[in-house]
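**Q** The listed protein sequences correspond, in order, to chains A and B. Heads up, the first sequence stops at 810 in the working numbering, and the numbers go up one at a time, no gaps. Heads up, the second sequence stops at 810 in the working numbering, and the numbers go up one at a time, no gaps.
If you are wondering where the hints come from, they were derived from the structure by calculation, not from laboratory data. Watch out, some of these pointers could steer you wrong.
Note that the list lumps identical chains together, so a pair holds whenever it fits in one copy or between two copies.
Think about it this way: if two alpha-carbon atoms lie no more than 20 Å apart in a straight line, the pair counts; the simulated EDC-like pairs of lysine to aspartate or glutamate are [what the hints assert, rightly or not]:
#	residue 1	residue 2
1	LYS444	GLU414
2	LYS582	GLU412
3	LYS502	GLU562
4	LYS399	ASP448
5	LYS502	GLU525
Here are the chains, one letter per residue:
2 protein chains.
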Amino acid sequence: MKNFYIKDILPNQNIKLKCWIADKRQLKNNLFLDLYDGSGEIEALASINETENFVQLCKINRESCMEITGLSKKYKDKIEILIKNYEIIANSTLNIFPFPNAKSFNILSPKSSGRLLFHPTFYIRNRLISKILYIKAVFKREMQNYFWNNGFIEFEAPTLTRQTLYEDSGVVWINNKKHIGLSRCATFHLEPALLSFERLFTITNSHSDEKVKTNRHLIEYMHLKAEMTFVTLEELVEFAKNMYYQIAFNTYEKCKKIMNEIVGEEIVKNKLEKLNPKNHKVITYDQAVEILKENNIDFEYGKSLTTKQEKILTKKFNENFVWVKYIPYTVEGFMFKRYEKNKFLTMTADLIAPQGFGEILGCAEKITDYDDVISSMEDKNKMKDFERYKDFAELHKLGLPPHGGIGMGIERALKYLLNLDHVKYIKPFPVVKINQINH
Amino acid sequence: MKNFYIKDILPNQNIKLKCWIADKRQLKNNLFLDLYDGSGEIEALASINETENFVQLCKINRESCMEITGLSKKYKDKIEILIKNYEIIANSTLNIFPFPNAKSFNILSPKSSGRLLFHPTFYIRNRLISKILYIKAVFKREMQNYFWNNGFIEFEAPTLTRQTLYEDSGVVWINNKKHIGLSRCATFHLEPALLSFERLFTITNSHSDEKVKTNRHLIEYMHLKAEMTFVTLEELVEFAKNMYYQIAFNTYEKCKKIMNEIVGEEIVKNKLEKLNPKNHKVITYDQAVEILKENNIDFEYGKSLTTKQEKILTKKFNENFVWVKYIPYTVEGFMFKRYEKNKFLTMTADLIAPQGFGEILGCAEKITDYDDVISSMEDKNKMKDFERYKDFAELHKLGLPPHGGIGMGIERALKYLLNLDHVKYIKPFPVVKINQINH
């Protein structure tokens, strides 16, 4: 097993390191190498006088795997390796252009991003993508820590289901006739399990084949759902504010160096400060509609907010996070509880991130009463498929207490935090069109 | 929010508790109630003299949700509640038989288990199933802890993929023409990511629609895959022994009470002792075949072992865990490395649990060389679908170092530990036939 990594290198050591060539530049009799391994990056220098088989080394392709022996030296504020000898472990012979880690290649530029979609197997090793995925892994770990520390257990929701939160049209079906498809939301499976555990969370690969393509949606996405008993909308909002902030804060504590590198220290600190619960604003849907009117937006009452409209709201509140409470039932799931004072509205709240990052998460109180579920299913045209929802509906006759939940799109939550243009950079094998899958 | 749970109850307290009725028995003017909530179970007593609205309480259905007020009393080695008053939060009015938590109902009996398959929404709240699922959640958490503590990161593998580890026939397809289906194994996606991280694990909902139905297989199952660079088969076997033992041991430390209750203290301790790495036996496939011959079994060389044959092996070694090394390529994935001394065999090892619990996990060194991958794909009839595997094959031209991995079926690992008859008890929404899904 490998037991010495780049992260373990101290100055003035004789080292023997297994690593990969990210990039290289030859300057006469010197060869400058950018090396990487699973723990990080380091620069190395080979020269005709100091390095055995220097001429052959100059010819080795980028992305080859080598074991190098040499001396580590402090140079300014960094450590470098002076290569004495090397051995090739796995040659890179594929005719690939650009090389995934060529310094001149910017994987985030719009014209490059097809590489990630069509050849993720090669381009996932891009250093920037790797760092983003590392941050995502830490973010997921911090989610798990946060929920376990708050008395939740991680529950496994199924991928295959007959039930659909919204319209059937966005479902990835495995079987059209039987109405079995890939789950878009774990709600249907967390609610029955609430009776056993009362506090549950799950992190799933959810699927939604939306017709409209945006920079905030992938067909396969990482989805957090948490559900708890005896909770009000106001409590859910407070819980969710704190949750997102703490998870982001703890992730930054553990990934400070690479997050500063990717985002810029000032920007990421500003983003965290905006996430601080004390800076969130809470308004109602009706107030949001008023603000849009003030801005001469022709808005149809009962619809969802567009990205452009979300931008107007956060701008109004000094580019802070804005919660929109009491969303109309017309755009929400059928099991969401109605607002007592206006049954057109639901006991829900969505969190909108500033500067166009848009909706990140949502909270909802759920219906507990059977007749209310049936009436809501009638309103949402679900009764024609009653057989598919029968057991879920009847669960409301079986001691289901007041309860509510939170749903968050992980790629969106990180898109804001890492200041990225598109969620596809935060998914190792992104899918924007089903028939384009090449992995 | 609820902030007082059954687990918080001390003797001689005035308590106010939100909970559910699991079961109840009336004896003249006394009503004995089994109550539960998300944290555990407690017995309660109501009586005509001490409890307000006693007569109505006697009529309340099992599985109703109530808030009870009363006094906690120590009785022998347990705490009980004497109910003074109660309020119904959510009535149970569904005509359901048996009630999920009736004492007389044994959900593990073969004739009852259809309840879990056809009405998981109602029966997931069965106390025994809830405890098993709680243990599974802790087991998963301990897996995550084990891998993070050993320098791994949790990587997200996709659900949708074009690639198949074994035959296409067992795939759950979403799209037959395009060859896109649900992943059976994360191998194809962990290997490209190895270049970035070197040590990875993932826990997925994997899917395999096997034609043969056994008590060890579900169509949707929880699947651990770990992958690392620069590792030999012998190192993988040592790592996997220690991994399973430590995770099981740590799970027992956290779930001692309910595991003793479900399995029996002596049995579970014996099972853990068998898991201790010092008690594992390692033999080769050829030695296994010899042992079968000694037992007059007509075995076709090159096939997998059946459950019956696995039983003969573990019996031979005093019902200990047995590793079978160097499995023939005919029954392994195409990317598994061949054994230098006999190219019919692969650098793999499977762990067989004693007493018929069968195969739990497998380890494998993987091919690094492009020509070897192509030759193996030819042997396994994958070249007709080369387009689907092209990028994965070409990854072997791009600096892929020696590497290997471990795969474990979580339901199987827990089936052994919890001494259960069938994996379906360890999956909250089990699927044994696709067209029977009712969730």
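**Q** If any of the earlier hints don't hold here, list their numbers in rising order.
**A** Checked against the structure, the hints that fail are numbers 2, 4, while the rest are satisfied.
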